[in-house]
Amino acid sequence: MKILLIEDEKLIQMSLKMILEKNGAQVDTSSDGKSAIRLLQANEYDRIICDLMLQDISGFDILEEAKKKYSIKQISDKFIIITAYSSPQITERVKAWGCLLIPKPFDDMNNVINTFLGRAL
Amino acid sequence: MNQGQAFLNHKKNTTGLPSGWSSANTQFLSKVSEKHFPISNSSHLDLILSSITDSKTTSLFTRKLNADISYIYHIKGNQRAYYRDHHKKIRYIEVADFLKIFNSLRKNKQEQVQLSSPQFKALSLSGHGYFHFTSNASVKSIIFIHRNDLFSFSDDELNRFKTLRFFLHFKFNLDIIKHTLDQEKKIDLHISDFFLQLKDDCQASQLVSLYHHHKFGILNELLNTLNHELKNPLFGIRLSLELLKTLSSGDDQAFLDQMLNNVEKCNDIFRNFGKSFSKERKSLKRDPLTILEDVLSLLKSSLKGIKVKVEICDQCKNKNLKIKSFEISQILTNLILNSAQSLQQTNQAGKILIKITSNDQKSISFQVYDNGPGILSNSHKDIFKSFYTTKSEGTGIGLTICNEMAKSVGGTFYLKKSNHEETIFTCDIPYENLIN
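Chains A and B, in that order, are what the protein sequence lines are. Here the first sequence is numbered in the working numbering, starting from 6 and rising by one per residue. Here the second sequence is numbered in the working numbering, starting from 151 and rising by one per residue.
Hints are computed from structural coordinates only; laboratory data are not their basis. Ideal Cβ placement from N, Cα and C applies to all residues, glycine included. Any given hint could be a false lead.
[As the list claims (entries may be wrong)] Simulated restraints, written as ranges between beta carbons of each label pair:
no., chain 1, residue 1, chain 2, residue 2, range
1, A, 101, B, 379, 26 to 32 Å
2, A, 39, B, 439, 45 to 51 Å
3, B, 409, A, 37, 25 to 31 Å
4, A, 100, B, 305, 33 to 39 Å
5, A, 97, B, 454, 42 to 48 Å
6, A, 90, B, 586, 21 to 27 Å
7, B, 461, A, 37, 51 to 57 Å
8, B, 394, A, 112, 17 to 23 Å
9, A, 37, B, 402, 50 to 56 Å
[Stated by the list, open to error] Keeping only pairs whose Cα atoms sit at most 20 Å apart, straight-line, the calculated PhoX-like set for lysine-lysine is:
no., chain 1, residue 1, chain 2, residue 2
10, A, 22, B, 395
11, B, 395, A, 27
12, B, 271, B, 257
13, B, 467, B, 512
14, B, 469, B, 435
15, B, 567, B, 535
16, B, 457, B, 505
17, A, 15, B, 395
18, B, 505, B, 567
[As the list claims (entries may be wrong)] According to the in silico footprint, chain B covers these stretches of chain A (three or more CB under 8 Å from chain B):
no., segment
19, 8-16
20, 19-33
21, 108-122
The shape of chain A in the complex, shown without the other chains (with noise of 0.2 Å):
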């Protein structure tokens, strides 16, 4: 499974993507939102992580730019939105892409890791 991981907190990213290698998974990983869109370009994903808070763009404008790549529902099953900052205004607002919110810290490390590499649970 190859994932692109978007995320400016370089220890959570490292993380991350040691973890999700250790599961059997290819991870590009990006600290800013301009690299990140760059990379969709380039490469195929089945997976991509997106933080909210990017330093330059928002994970909104990630969206909107993989927009001219994939359809809505190519989006919705690829992309799953990570945030520290969950509000209701940001819950709708990912609701409306269809795609799955995982607020930061995540409570249950292993569930999350097997939502990530679409694992049935």
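We have chain A; now place chain B onto it with these hints.
Frame of chain A, contents of chain B only:
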């Protein structure tokens, strides 16, 4: 509820200010004052402004800010504007100079200014100033605090001044109405009573409530910001530690577990602080021990070097006993902080004992003991008065807040004992009021 109170409470508070201080009410009052009571007599206006700037509450705030207070006003048609400086010296300034100041404030919407700027030349002041201006059809007035200092006011000082400014604005309009009533007997007795009552409702206790609200509002905002900003990095640390744990064994794992526990503790502290001090979660209920633990964590730096002992009866230790967190957190915070501050004045080993006991499910009693120098017996009757303080750094509102909080849940708050060996404050709150 009296008429004034009813008026003060008649609109839902939307500004986050305490009941009776919403900006909607203030604006309403300004309109009433402007429409029905246009002031045209200079001596009335001066009397009002001087009584406000010289009042005890205003003096307290400016003293805390290490600043001075002055005012200027201009009544339409007058040749000059009236300026009373911080030495209470009366001067007159040209209308053109006054308008330069007034328009500059109104146009730039700047509240903090450098007094050395050309437009403020007529004031003959230097340093920084923080202004509040009001105007209606006949009067333009400016009240301002100023400090001859190289540095501008800090955010904390500006917040304090905003509190004061709100009070000044409210009192200004009320006093205009009252003076007009006194002088001209313009309106019937019923409305007259209403406004006089309204004025009484706006005395120091309201200001205490407002100041207190600001204090905890800032604290809550700070904690929420910290919570948001630290949540992500803390999560990164947790993830890395968990990962390292899978790669290590034996002693290393125990070490990593300890680090993980500390990360979790940081998370808990931020989560719980928000819950205790947030006004939105005023109805939140938590068990007494958790409330106390959070308060003690918050006051950790103030309690450095002080031996703190906690005694909680079995019934209150029950995690399922959920009591009102907002009121109790604030009562305990103020009482423990008071004890810590009084112990810092002594050289002896400081001790604080906090007792929480349930009296057969009739009431819960919160007691804070300390072995500080005690409160002089001639001050016992004054300590619950707003702004009364015996400490150089005190605001004099801590015990007032405890009293108000206890009253708000139908409880009683009192000084049980104070001598050179021991001081005990007690707060008894009916059990039913705490859990419902």
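Comparing the hints with the structure gives:
One distance hint, 26 to 32 Å for the beta-carbon pair residue 101 of chain A and residue 379 of chain B, holds here, with the actual separation near 27 Å. Checked against the given bound of 45 to 51 Å, the beta carbons of residue 39 of chain A and residue 439 of chain B, roughly 50 Å apart, stay inside it. For residue 409 of chain B and residue 37 of chain A, the hinted distance range of 25 to 31 Å is satisfied, since their beta carbons lie about 29 Å from each other. Range check, residue 100 of chain A to residue 305 of chain B: Cβ separation about 37 Å, and the 33 to 39 Å hint holds.
Taking the beta carbon of each, residue 97 of chain A and residue 454 of chain B are about 45 Å apart, inside 42 to 48 Å as hinted. Separated by about 34 Å at the C-beta atoms, residue 90 of chain A and residue 586 of chain B break the suggested range of 21 to 27 Å. Between residue 461 of chain B and residue 37 of chain A the C-beta distance comes to about 54 Å, which sits within the given range of 51 to 57 Å. A C-beta distance of roughly 20 Å is found between residue 394 of chain B and residue 112 of chain A, which places it inside the suggested range of 17 to 23 Å.
Here the CB-CB span from residue 37 of chain A to residue 402 of chain B is close to 34 Å, at odds with the stated 50 to 56 Å. This hinted pair checks out: residue 22 of chain A and residue 395 of chain B have alpha carbons roughly 16 Å apart, not beyond 20 Å. With a CA separation close to 14 Å, the supplied pair residue 395 of chain B and residue 27 of chain A stays within the 20 Å bound. Taking the CA atoms of residue 271 of chain B and residue 257 of chain B, the gap is near 18 Å; set against the 20 Å cutoff, the hint holds.
A C-alpha spacing of about 16 Å is found between residue 467 of chain B and residue 512 of chain B, which places the hinted pair at or below 20 Å, so the restraint holds. With a C-alpha separation of about 11 Å, the suggested pair residue 469 of chain B and residue 435 of chain B falls inside the 20 Å cut-off, and the hint holds. In summary, the hint linking residue 567 of chain B to residue 535 of chain B is supported, as the alpha carbons are separated by about 18 Å, within the 20 Å threshold. For the hint linking residue 457 of chain B to residue 505 of chain B, the alpha-carbon distance of about 14 Å falls within 20 Å, and the restraint holds.
For a cut-off of 20 Å, the pair hint linking residue 15 of chain A to residue 395 of chain B stands: about 19 Å separates their Cα positions. Under the criterion of a C-alpha separation no larger than 20 Å, the hint pairing residue 505 of chain B with residue 567 of chain B is consistent with the structure, at around 15 Å. Note: the segment 8-16 of chain A has 3 residues with beta-carbon separation from chain B under 8 Å; the three-residue rule is met and the coverage holds. Counting residues of the segment 19-33 of chain A whose beta carbon lies closer than 8 Å to any beta carbon of chain B gives 5, which meets the minimum of three for the stated coverage.
With a threshold of 8 Å between beta carbons, the proposed coverage of the segment 108-122 of chain A by chain B holds, since 4 of its residues qualify and at least three are required.
Of the numbered hints stated above, those contradicted by the structure are hints 6 and 9, listed in ascending order.
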